[in-house]
Amino acid sequence: MAQVTLNRIVKEYEGGVQAVKGIDLDIADHEFVVLVGPSGCGKSTTLRMIAGLEEISRGEIRIAGNVVNDIPPRDRDIAMVFQNYALYPHMSVYDNMAFGLMLRKFPKEEIRRRVENAARILDIGMLLDRKPKALSGGQRQRVAMGRAIVRDPKVFLFDEPLSNLDAKLRVQMRTEIKKVHQTVNTTTIYVTHDQVEAMTLADRVVVMNHGVIEQVGPPQELYHRPLTKFVAGFIGSPAMNFIPARLANGGAALNVVLPGGITLPVPEERSRRYAAYAGKEVLFGLRPEHLTEIRPNDHRPNLAHLQLTPEVVEPMGMETLVYTWLEGTEVSARIDPAVAAAPGQALPLAADMGQMHLIDPQTDRVI
Amino acid sequence: MSATAATPSAAIPGLGRKIGSLRKERRWALITAYVSLIVAAIVMLAPPVYMLVTSLKTSAEISNPVGTPWIVRNPTLENYGALIGDPMFRGFFFNSIKVTVLVVCVTMVISVLAAFSLARMKFFGSQVLATGVFLTYLVPDTLLFIPLYQIVGNLGLLNSTWGLVLVYPTLTVPFCTWIMIGYFASIPKELDEAALIDGANWMQMLTKIFIPVALPGIIAATIFAFTVSWAAFVYPTAFITRPDEMPLTIGVVSQLIRGDTFAWGQLMAGALLAALPPVIVYAFLMDYYIAGLTAGATKG
Amino acid sequence: MALDATTVTAGAASGAPARPGLTLQRFARRRSTIAFIMALPLIAVIGGLVAWPAGYAIYLSTLNRRMTASIGLENFAILLESETFRMVIWQSCIFAFSAVVLKALLGFWLAHMLHHIPTKGQRIWRGMLLLPWVVPPALSTLGWWWMFDPSYSSLNWILNAIGAPSVPWLGEPWWARTSVIIVNVWAGTPFFMIMYLAALKSVPDQLYEAAAIDGATGWQGLRYVTLPMMRNIISITVLFSLIVTFANYDIVRVLTNGGPRDLTHVFASYAFQVGVLSGNIPRGAAVSLFMFPILAVVAFFVLRGVNQRNREMA
Numbered sequence: 001m002a003q004v005t006l007n008r009i010v011k012e013y014e015g016g017v018q019a020v021k022g023i024d025l026d027i028a029d030h031e032f033v034v035l036v037g038p039s040g041c042g043k044s045t046t047l048r049m050i051a052g053l054e055e056i057s058r059g060e061i062r063i064a065g066n067v068v069n070d071i072p073p074r075d076r077d078i079a080m081v082f083q084n085y086a087l088y089p090h091m092s093v094y095d096n097m098a099f100g101l102m103l104r105k106f107p108k109e110e111i112r113r114r115v116e117n118a119a120r121i122l123d124i125g126m127l128l129d130r131k132p133k134a135l136s137g138g139q140r141q142r143v144a145m146g147r148a149i150v151r152d153p154k155v156f157l158f159d160e161p162l163s164n165l166d167a168k169l170r171v172q173m174r175t176e177i178k179k180v181h182q183t184v185n186t187t188t189i190y191v192t193h194d195q196v197e198a199m200t201l202a203d204r205v206v207v208m209n210h211g212v213i214e215q216v217g218p219p220q221e222l223y224h225r226p227l228t229k230f231v232a233g234f235i236g237s238p239a240m241n242f243i244p245a246r247l248a249n250g251g252a253a254l255n256v257v258l259p260g261g262i263t264l265p266v267p268e269e270r271s272r273r274y275a276a277y278a279g280k281e282v283l284f285g286l287r288p289e290h291l292t293e294i295r296p297n298d299h300r301p302n303l304a305h306l307q308l309t310p311e312v313v314e315p316m317g318m319e320t321l322v323y324t325w326l327e328g329t330e331v332s333a334r335i336d337p338a339v340a341a342a343p344g345q346a347l348p349l350a351a352d353m354g355q356m357h358l359i360d361p362q363t364d365r366v367i
Numbered sequence: 001m002s003a004t005a006a007t008p009s010a011a012i013p014g015l016g017r018k019i020g021s022l023r024k025e026r027r028w029a030l031i032t033a034y035v036s037l038i039v040a041a042i043v044m045l046a047p048p049v050y051m052l053v054t055s056l057k058t059s060a061e062i063s064n065p066v067g068t069p070w071i072v073r074n075p076t077l078e079n080y081g082a083l084i085g086d087p088m089f090r091g092f093f094f095n096s097i098k099v100t101v102l103v104v105c106v107t108m109v110i111s112v113l114a115a116f117s118l119a120r121m122k123f124f125g126s127q128v129l130a131t132g133v134f135l136t137y138l139v140p141d142t143l144l145f146i147p148l149y150q151i152v153g154n155l156g157l158l159n160s161t162w163g164l165v166l167v168y169p170t171l172t173v174p175f176c177t178w179i180m181i182g183y184f185a186s187i188p189k190e191l192d193e194a195a196l197i198d199g200a201n202w203m204q205m206l207t208k209i210f211i212p213v214a215l216p217g218i219i220a221a222t223i224f225a226f227t228v229s230w231a232a233f234v235y236p237t238a239f240i241t242r243p244d245e246m247p248l249t250i251g252v253v254s255q256l257i258r259g260d261t262f263a264w265g266q267l268m269a270g271a272l273l274a275a276l277p278p279v280i281v282y283a284f285l286m287d288y289y290i291a292g293l294t295a296g297a298t299k300g
Numbered sequence: 001m002a003l004d005a006t007t008v009t010a011g012a013a014s015g016a017p018a019r020p021g022l023t024l025q026r027f028a029r030r031r032s033t034i035a036f037i038m039a040l041p042l043i044a045v046i047g048g049l050v051a052w053p054a055g056y057a058i059y060l061s062t063l064n065r066r067m068t069a070s071i072g073l074e075n076f077a078i079l080l081e082s083e084t085f086r087m088v089i090w091q092s093c094i095f096a097f098s099a100v101v102l103k104a105l106l107g108f109w110l111a112h113m114l115h116h117i118p119t120k121g122q123r124i125w126r127g128m129l130l131l132p133w134v135v136p137p138a139l140s141t142l143g144w145w146w147m148f149d150p151s152y153s154s155l156n157w158i159l160n161a162i163g164a165p166s167v168p169w170l171g172e173p174w175w176a177r178t179s180v181i182i183v184n185v186w187a188g189t190p191f192f193m194i195m196y197l198a199a200l201k202s203v204p205d206q207l208y209e210a211a212a213i214d215g216a217t218g219w220q221g222l223r224y225v226t227l228p229m230m231r232n233i234i235s236i237t238v239l240f241s242l243i244v245t246f247a248n249y250d251i252v253r254v255l256t257n258g259g260p261r262d263l264t265h266v267f268a269s270y271a272f273q274v275g276v277l278s279g280n281i282p283r284g285a286a287v288s289l290f291m292f293p294i295l296a297v298v299a300f301f302v303l304r305g306v307n308q309r310n311r312e313m314a
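Residue numbers (UniProt numbering), protein chains in the order written: chain A, 1 to 367; chain B, 1 to 300; chain C, 1 to 314.
Any given hint could turn out to be false.
[Stated by the list, open to error] With a Cα cut of at most 30 Å, we get these calculated BS3-like pairs of lysine-lysine:
id : chain 1 : residue 1 : chain 2 : residue 2
1  : A       : Lys168    : B       : Lys189
2  : B       : Lys208    : A       : Lys131
3  : B       : Lys208    : A       : Lys154
4  : C       : Lys120    : A       : Lys178
5  : B       : Lys24     : A       : Lys133
6  : A       : Lys105    : A       : Lys154
7  : C       : Lys120    : B       : Lys24
8  : A       : Lys178    : B       : Lys189
9  : A       : Lys178    : A       : Lys168
10 : A       : Lys105    : A       : Lys131
11 : B       : Lys208    : B       : Lys189
12 : A       : Lys133    : C       : Lys201
13 : C       : Lys120    : A       : Lys131
14 : A       : Lys179    : A       : Lys154
15 : A       : Lys133    : A       : Lys179
16 : A       : Lys108    : B       : Lys24
17 : A       : Lys131    : B       : Lys189
18 : A       : Lys21     : B       : Lys189
19 : A       : Lys168    : A       : Lys105
20 : C       : Lys201    : A       : Lys105
21 : A       : Lys178    : A       : Lys154
22 : A       : Lys154    : A       : Lys131
23 : B       : Lys208    : A       : Lys105
24 : B       : Lys189    : A       : Lys133
25 : B       : Lys189    : A       : Lys105
26 : A       : Lys179    : A       : Lys131
27 : A       : Lys133    : A       : Lys178
28 : A       : Lys154    : B       : Lys189
29 : C       : Lys201    : B       : Lys24
30 : C       : Lys120    : B       : Lys189
31 : A       : Lys108    : B       : Lys98
Hints listed in this document are in silico derivations from the structure and should not be mistaken for laboratory results. Only a predicted model underlies this, so the values are computations on that prediction, with no experimental measurement involved.
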């Protein structure tokens, strides 16, 4: 059990390409941190530097207070679960889990005790004699986790562990990973490109893009208070709608004026925050779930009404997604499935301006 | 489906292209295939079968053929008996076994170590060396046997099986290394990373992970080394003139042909006995044999 | 190539548990040292038993018969002036070229036929058809030699049985050359067949299905799908076989030993005769060195093919 500290970590490849551009991150003991971002954002590289599989170009990584930059993976006291599981195909499940302990010359009794304990946690006791080839994807995933658990390391590292599973199993294993973490309570660093995985698993989410950290925070904070356009667009599905607009002074209050002239009032409590941008071009951001049908007796303050014509309607069961055009920008809305919506038929919608975001197009930061 | 490819019955394109009957086309394709294969099998198997037939004949039957020479009328094992009772022939066998076993061991140690180093580790010039391995594999023994004759002679190893043990690796090592590089490279990199994190050092990674996982490749390479050493002909022909140091190939070719009266039955029996070990290996390990054969071109 | 697979992998300790002072960089350095040591036996074999002899051959070829003095390129000049040697060049080229073409065509045909019969029957046919490749060529050639025997030829018996005249298989120069080619084709076709079969199996069935739905006939499928997909393996197999066939020794040695009248010698058997049997080592070395240019050209194309393929697949 340990905290992990990244101090101005840089990964530079030959030719000067930087995959990771100076990252600072403090991970507390027992914490479950998820690194999330699109492919090529440097999240895997960061994880591999923590594991010792990649050299650190500049900066410093500490595990439990010790600088580990120059320590080989075997001596960092970490365990890692790989995307393709990386189970040794010629060894039984038992031997796969025991291998690391065997190399560390643990006594046989101890190895057996630990493997059986891990097998019990993961519910794979009946698979111990099988070869990886005879296991299903989910079972392999469990064995890979078992291999990490038996080592009882300071840190667990997960590199996109669920990407090779089908959708249903992925949800199931996600819960499983969370349960395991609650049981063994080891500091965990988890890499994924799937924001849903990140939101559901993490104590804190680290959103990365182009080799830098965009924002670090608990899932709810990232959702409600994104700091950058990237985070705002990355977290949430379907993604937040962004519409180019202008912030106009409408007498006492501010208004968001869309290119075609549609005017949406900014809630009063935000006036002061946005005051400096009055009269300037901004990016108006609104999540699909805040663009809904008009409900009777809707007590949400700051609703603005719009009349839009759906182009595509996707009934999802518990909700219906509507794709439409707003002033030349494609936007999506989430409506109640009971509302009749059809392509080409005008649909009145309510925009919850209390949940709006404004982004400075120059800096791409949320105002 | 491709079942009709390359068969004369495939519909001919063009105006008024006739609408073929799928069933008919397939049947013709199958008939063509089987006829070709039967003819090919007869041609391919005729020489060994004829060798077998001859080896079962007495000298009298061979020299006074009545009717077809392709069947044996009074089968006898006396040719085989004579060979097995012949200490010289047994010596050939022993020499072949000795040379082959030693060469296979040496080859596998060299190739596996080198392939692991070239496929997974890296050092200055390793890329060049990998290309060098491939080029060496293209250099035929007939280009090298004269200088090697001099070299082996200077070492005093002419007329010695040790000379063969020294030079046979030129036949086996490049190809075996090449296919082992291919097999090792196909092992996912995560596997060595997992092993690194599990605490394995390079030697443990090789012996505990790579060799077991690439076992089919190792078997294929071993079979290749075995077959090539067993069948080697140029080097022993050049280096060995003393019958007691000869391996089977040159022994059968040079020592069982004596004078003008060839003991054909015995010669064929000797050739078949000499060919038996590779054929047995092939019969039991055909899949590995073929994997090794095709690995050179499809891998690496 | 697989070689850069580890460029970004940091090294690990070997042997005893890591000492704190041992840095990753030093591990990397140690790793390359270990790697080099592991490759050392290979380097010794390539350097000592291939590269050095090849260089030594060039040196040898410049010496006089008793190897006491250098005579420059005299050996090569003498060879080129000799009628016999010009015949050897000619014969080697004809032999290699026609044998490889025949092997390639027959191998392709058989692979194709084999590919089209039901899968469960393929094993046994493949097993039978590969046999000539498995038997050591020197030994199977003995069988052919016996089948070609002037007085007891079992092939002539078949010819006579169907009313054709006997053939002087090894007695007449042209027939002797043909015989050498026949045996080489017999022994080498299975190799082509098995390579092509592997290539055919690697073409996904959907490609043929897509082609069939696009309206391709069997021939068109072959022309536009099979051949382009197999191009690389075909060229590599042909080039490789060209080298092996060109440098062939066993068959000529056993079947004709160069005769009749030195008319069936190829480079290898002639080099053997001149260098080892007649004891003119420098001249023999010069003979085998004549193989070098053509081998270099072929090797160049093979390497280019391999590199190209690796680039495409990367």
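Outcome of the hint check:
1. Lys168/A - Lys189/B: holds, 28 Å
2. Lys208/B - Lys131/A: holds, 16 Å
3. Lys208/B - Lys154/A: holds, 25 Å
4. Lys120/C - Lys178/A: Answer violated: Lys120/C to Lys178/A is near 48 Å, above 30 Å.
5. Lys24/B - Lys133/A: violated, 42 Å
6. Lys105/A - Lys154/A: Holds, at about 19 Å.
7. Lys120/C - Lys24/B: holds, 22 Å
8. Lys178/A - Lys189/B: Holds, at about 27 Å.
9. Lys178/A - Lys168/A: holds, 16 Å
10. Lys105/A - Lys131/A: holds, 23 Å
11. Lys208/B - Lys189/B: holds, 15 Å
12. Lys133/A - Lys201/C: Holds, at roughly 24 Å.
13. Lys120/C - Lys131/A: holds, 28 Å
14. Lys179/A - Lys154/A: holds, 18 Å
15. Lys133/A - Lys179/A: holds, 26 Å
16. Lys108/A - Lys24/B: At roughly 67 Å apart (the allowed maximum being 30 Å), Lys24/B and Lys108/A break the hint.
17. Lys131/A - Lys189/B: Status holds; Cα separation ~20 Å.
18. Lys21/A - Lys189/B: Given pair Lys21/A, Lys189/B holds - Cα atoms ~25 Å apart, limit 30 Å.
19. Lys168/A - Lys105/A: violated, 39 Å
20. Lys201/C - Lys105/A: violated, 46 Å
21. Lys178/A - Lys154/A: holds, 17 Å
22. Lys154/A - Lys131/A: Holds, at about 28 Å.
23. Lys208/B - Lys105/A: Status holds; Cα separation ~15 Å.
24. Lys189/B - Lys133/A: holds, 18 Å
25. Lys189/B - Lys105/A: holds, 25 Å
26. Lys179/A - Lys131/A: holds, 25 Å
27. Lys133/A - Lys178/A: holds, 26 Å
28. Lys154/A - Lys189/B: Satisfied, since the Cα-Cα distance of roughly 24 Å is no more than 30 Å.
29. Lys201/C - Lys24/B: holds, 24 Å
30. Lys120/C - Lys189/B: Violated, at roughly 35 Å.
31. Lys108/A - Lys98/B: violated, 42 Å
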